[in-house]
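Asker: So the chains spell out like this:
There are 2 protein chains.
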Amino acid sequence: MLPHHPHRDQIMLENVLSALSNPTRLAVVKELARTGPRSCGSLLPDISKSTLTHHWRALRDAGVVWQQPSGRENILTLRHEDLDARFPGLLDKIIEVAGS
Amino acid sequence: MLPHHPHRDQIMLENVLSALSNPTRLAVVKELARTGPRSCGSLLPDISKSTLTHHWRALRDAGVVWQQPSGRENILTLRHEDLDARFPGLLDKIIEVAGS
Chain S
1 MLPHHPHRDQ IMLENVLSAL SNPTRLAVVK ELARTGPRSC GSLLPDISKS TLTHHWRALR
61 DAGVVWQQPS GRENILTLRH EDLDARFPGL LDKIIEVAGS
Chain L
1 MLPHHPHRDQ IMLENVLSAL SNPTRLAVVK ELARTGPRSC GSLLPDISKS TLTHHWRALR
61 DAGVVWQQPS GRENILTLRH EDLDARFPGL LDKIIEVAGS
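Those protein sequences? They're chains S and L, same order as listed.
Residues 1 to 100 (the UniProt record's numbering) make up the first sequence, in order.
Residues 1 to 100 (the UniProt record's numbering) make up the second sequence, in order.
Hint data in this document are derived by calculation from the structure and do not stem from the laboratory.
A virtual CB, placed ideally from N, CA and C, is assigned to each residue, including glycine.
Where hints are given, some of them may not hold.
[Unchecked claim] One-sided excerpt, in silico: chain L residues whose CB lies under 7 angstroms from chain S: (1) R8; (2) I11; (3) L13; (4) E14; (5) S18; (6) L20; (7) S21; (8) P23; (9) A33; (10) W66; (11) L90; (12) V97.
[Said to hold, decoys possible] So the derived label-pair ranges between C-beta atoms look like this: (13) L:T53 - S:G36: 27 to 35 angstroms; (14) S:R57 - L:D84: 56 to 64 angstroms; (15) S:D46 - L:R72: 17 to 25 angstroms; (16) S:R8 - L:D84: 43 to 51 angstroms; (17) L:S50 - S:I47: 18 to 26 angstroms; (18) S:S48 - L:G36: 41 to 49 angstroms; (19) S:E96 - L:E31: 25 to 33 angstroms.
Only chain S is shown next, with the shape it has when bound in the complex (with noise of 0.2 angstroms):
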């Protein structure tokens, strides 16, 4: 695992709504709730590395996903659950709000 994942009781609704509040991490998001989990590799083959790193940073540090390493790829998965759990149906409003 790495780090910087807050615990479920630490995810902080400002620093969800901020994650979301940018269109390609909006994008990713809606993704990971239609696909399940995804290597990163796997989503917007056309941005650049270090931009990539800091939007996964920004979901990650916001607890909005889990980054975990497998093999040497990392594995994006939306911590639907925890977000539920903190802000009950908060997560699927936006995504439905977002349109296709």
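Got chain S; can you put chain L on it based on the hints?
Answerer: Just chain L, lined up with the frame of chain S:
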């Protein structure tokens, strides 16, 4: 009417989430939802004027509030109807999960 109020169709999800990703602004929005329109001067009396000006602008530019002059004051009104038209149920959900 002061400048920088987006039309309903121009309200963007990322801007709304960003505006609400600050605890002070979220507290103001909750208060406006509870009480209805308020003068800027009646909210957050302990915060400096320049900081407040920044917060009102962030809320106004994102389309979260109307800021309208009334005599010597400015009145803040939550754009609940516009937000619900763009993102049904989102504002109520965020206020709900923000707790008391």
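Asker: For every hint, state whether the structure bears it out.
Answerer: Now for the hints, and whether the structure bears them out:
Checking L:R8 against chain S: minimum C-beta separation of about 14 angstroms lies over 7 angstroms; hint violated. The criterion of a C-beta within 7 angstroms of any C-beta in chain S is not met by L:I11, whose closest approach is roughly 11 angstroms, and the hint is violated. For L:L13, the suggested interface contact is upheld, since its CB lies about 6 angstroms from the closest CB of chain S, less than 7 angstroms. Below 7 angstroms, beta-carbon pairs count as interface contacts, and L:E14 has one with chain S at about 5 angstroms; its hint therefore holds.
A cut of 7 angstroms between beta carbons decides the hint on L:S18: the least distance to chain S is about 4 angstroms, and the hint holds. Given hint, L:L20 at the interface with chain S, holds; its Cβ is 5 angstroms from that chain's nearest Cβ, closer than 7 angstroms. A cut of 7 angstroms between beta carbons decides the hint on L:S21: the least distance to chain S is about 4 angstroms, and the hint holds. The restraint placing L:P23 at the interface with chain S holds, with a minimum CB-CB distance near 5 angstroms, inside the 7 angstroms limit.
Hint status for L:A33 relative to chain S: violated, with the closest Cβ pair at about 15 angstroms, above 7 angstroms. With a least beta-carbon distance of about 21 angstroms to chain S, the hint placing L:W66 at the interface is violated under the 7 angstroms criterion. For L:L90, the interface hint holds, the least distance from its beta-carbon to any beta-carbon of chain S being 5 angstroms, beneath 7 angstroms. Of the supplied interface hints, the one on L:V97 holds, with its beta-carbon coming within about 4 angstroms of a beta-carbon of chain S, less than 7 angstroms.
Checked against the hint of 27 to 35 angstroms, the pair L:T53 and S:G36 fails, with Cβ atoms roughly 45 angstroms apart. Distance hint for S:R57 and L:D84: a CB-CB separation of about 33 angstroms, inconsistent with the stated range 56 to 64 angstroms. Between S:D46 and L:R72 the Cβ separation comes to about 53 angstroms, which falls outside the hinted range of 17 to 25 angstroms. Roughly 30 angstroms separates the CB atoms of S:R8 and L:D84, a value that falls outside the hinted 43 to 51 angstroms.
Roughly 36 angstroms separates the CB atoms of L:S50 and S:I47, a value that falls outside the hinted 18 to 26 angstroms. For S:S48 and L:G36, the Cβ-Cβ distance of about 47 angstroms falls inside the hinted range of 41 to 49 angstroms, so the restraint holds. Between S:E96 and L:E31 the beta carbons are some 26 angstroms apart, a value that agrees with the proposed interval 25 to 33 angstroms.
Taken one by one, the earlier hints fail for this structure at numbers 1, 2, 9, 10, 13, 14, 15, 16 and 17, listed in ascending order.
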